[in-house]
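Colleague: So you can see what is in the structure, the chains are spelled out below.
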Amino acid sequence: MDVIIENREAFLSGLLLTFQLCALAVVGSLVLGTVLAVMRISPVPPLRWLATSYVNVFRNVPLTVVFFLVVFALPTIGVRADFLRIPGLDLAFTRLGIDLPYFRMAIFALLLYTGAFVCEALRSGVNAVPAGQAEAARAIGLTFGQNLRHVVLPQAWKAAVVPLGSVIIAMIKNSALAGFFGLTGDLSATFQQLISARGQPAIPVFLAVAAGYLVMTVPLGLLLDRVEKRQAVTR
Amino acid sequence: MRMRTRKLAALLAIAALALGACGDDGGDGNGSGEFESGTTMAELADAGSIRIGTKFDQPGFGLVNLEGVPEGFDVEIGKIIAGELGISEDGIQWVETPSAVREEVLERDEVDLVIATYTINDERKQRIDFAGPYYIAGQHIMVRADDDSITGPESLQAGDKTVCSVQGSTPSENIRPYLANEDEQLVLFDVYSRCVEAMDAGDVDAVTTDNVILLGFIAENPDGYKLVDSGTFTDEPYGIGVQKGDDPFRDFINDVLEEIVADGRYNAAWDATAGQFDPNPPTPPTVDRY
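Protein chains in written order, with the numbering used here: chain H, 26 to 260; chain E, 63 to 352.
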């Protein structure tokens with residue numbers, strides 16, 4: 026217990042950085058996943074093929090390989106996830122704006138990978154909407170976009186909440202890989218620093234780091250349960 | 063054939079454990095003549111085998127060759143200690159011990175010795191004991207051969223240069239005080255080769271760790287990298303890890319270290335291994351019998 030109290034600053038800053046990483050990667054992967062899902066159900070065949078190929082590639086490749094691709098392969102062709110230097114956002118998330126690219130690369134790798142899963146979770150929700158709903162919407166003259174926005178997606182979202190929650194929780198745990206690809210100071214890197222360089226006993230540090238991930242995943246799970254219950258009533 | 067020796071070694075290890083247990087129970091074990099019975103030395107000598115933890119990926123100190131056998135200065139020191147116990151090279155079981163697990167393998171009795179570029183420090187001394195030091199390494203900084211903007215750790219204080227090291231390593235802790243902003247300047251990977259790749263790609267400006275490790279990279283690519291002018295800026299005394307509280311064994315290893323420095327075997331071991339990267343022979347440090 027002393028170990029945890031003595032090193033509380035390291036744990037807290039690690040927790041904060043992992044939280045920032047996850048928050049940005051969740052938003053990114055929800056956006057990417059929604060775009061992919063819309064492409065996969067769109068009436069334009071090339072878009073469907075493109076999104077299907079993307080999902081097949083990124084859902085089936087191990088996350089470690091995606092990290093290798095983003096952190097070591099893409100820089101050789103000049104891609105360093107610089108599009109994530111979003112002006113304004115780097116005031117709240119200071120790591121976004123710095124020269125070292127590894128925070129941005131970690132977000133990029135996580136969202137590339139998780140986006141494929143989000144797409145499939147959303148699509149499972151869309152499939153749960155009775156076909157008659159979309160047909161009725163088309164019959165009253167709604168366009169594809171209006172159909173999605175007003176009829177299909179709001180219902181699909183309810184069915185997709187549970188699988189989406191699992192996807193996001195899995196992503197939070199997956200974010201531990203970032204500490205092994207150049208990101209300094211997240212929870213998993215803090216773990217390494219404390220037990221190995223500072224010689225702290227492994228078990229208490231391990232438990233504290235595990236608790237750090239639970240602090241993020243357990244409340245998220247409870248929140249999703251509540252969302253699910255509320256939506257079950259309105260259905 | 064190798065399988066058979068390995069099985070034999072395993073059997074012997076079990077026998078050693080059994081003998082050790084007997085020794086504890088009966089008080090007077092049947093130790094060999096040379097060592098006092100009941101000591102680790104007697105147990106190992108009787109068993110005719112020893113388990114030594116070392117690095118498998120450290121050029122010059124412990125690097126496995128194509129046959130899967132480690133080579134290097136640490137390995138040579140291990141062979142000498144085993145030899146002093148009357149154990150032949152066939153009786154040594156090499157166990158890969160990356161930096162992160164060196165204390166654990168001793169605490170869990172998975173190895174008898176750890177000789178793995180293992181820096182002596184007080185935190186580690188609380189969990190295990192060190193014989194030695196047998197070599198004083200020092201932290202150094204490596205940059206691209208055409209980069210003259212970094213001359214020493216002080217060049218990092220301005221905050222515009224990035225530096226790479228390995229997670230959980232002593233060098234990564236030593237460099238932190240020199241940095242203006244850790245978040246913006248420090249990059250940590252799991253192995254040093256990634257740092258070198260990142261420096262090749264231009265994502266980091268420098269790599270810092272013990273001089274011998276950096277010399278290994280420079281030996282592979284002498285035109286690509288160089289050490290900065292300032293020289294080493296820390297002393298990293300490399301020790302030999304033994305289980306906590308085993309003072310007779312520690313004394314024995316310290317005696318062996320003093321002996322091999324005096325009779326020239328130390329320098330011969332250096333010249334055959336790490337000396338190929340570092341032309342200056344090291345000054346053997348005095349052992350610390352704390």
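Heads up, some of the hints might be wrong.
Stated by the list, open to error - In silico contact screen, one side only, chain H against chain E (beta carbon under 7 Å); selected entries:
#: 1; residue: THR59
#: 2; residue: PRO100
#: 3; residue: ILE123
#: 4; residue: ASN199
#: 5; residue: LEU202
#: 6; residue: SER221
#: 7; residue: ALA222
#: 8; residue: GLY224
#: 9; residue: ALA236
#: 10; residue: TYR238
#: 11; residue: THR242
Note that these hints are calculated values from the structure, not bench results. A quick note: this is a predicted structure, and the numbers were derived from the prediction, not measured. In this text, a Cβ means the ideal position worked out from N, Cα and C, and glycines have one as well.
Colleague: State for each hint whether it applies.
Modeller: Hints, one by one, checked against the model:
1. THR59: 31 Å, violated
2. PRO100: Result: holds, 5 Å to nearest chain E Cβ.
3. ILE123: Holds. Min distance 4 Å.
4. ASN199: 17 Å, violated
5. LEU202: Violated - the Cβ of H:LEU202 stays beyond 7 Å from chain E, reaching only about 11 Å at its closest.
6. SER221: 3 Å, holds
7. ALA222: Because about 5 Å separates H:ALA222 from the closest Cβ in chain E, which is inside the 7 Å limit, the hint holds.
8. GLY224: Where the cut-off is 7 Å and the nearest Cβ of chain E is about 3 Å from H:GLY224, the hint holds.
9. ALA236: 20 Å, violated
10. TYR238: Constraint on H:TYR238 not satisfied, violated at 18 Å.
11. THR242: 23 Å, violated
Comparing the model with each earlier hint shows violations of hints 1, 4, 5, 9, 10, 11; every other hint is respected.
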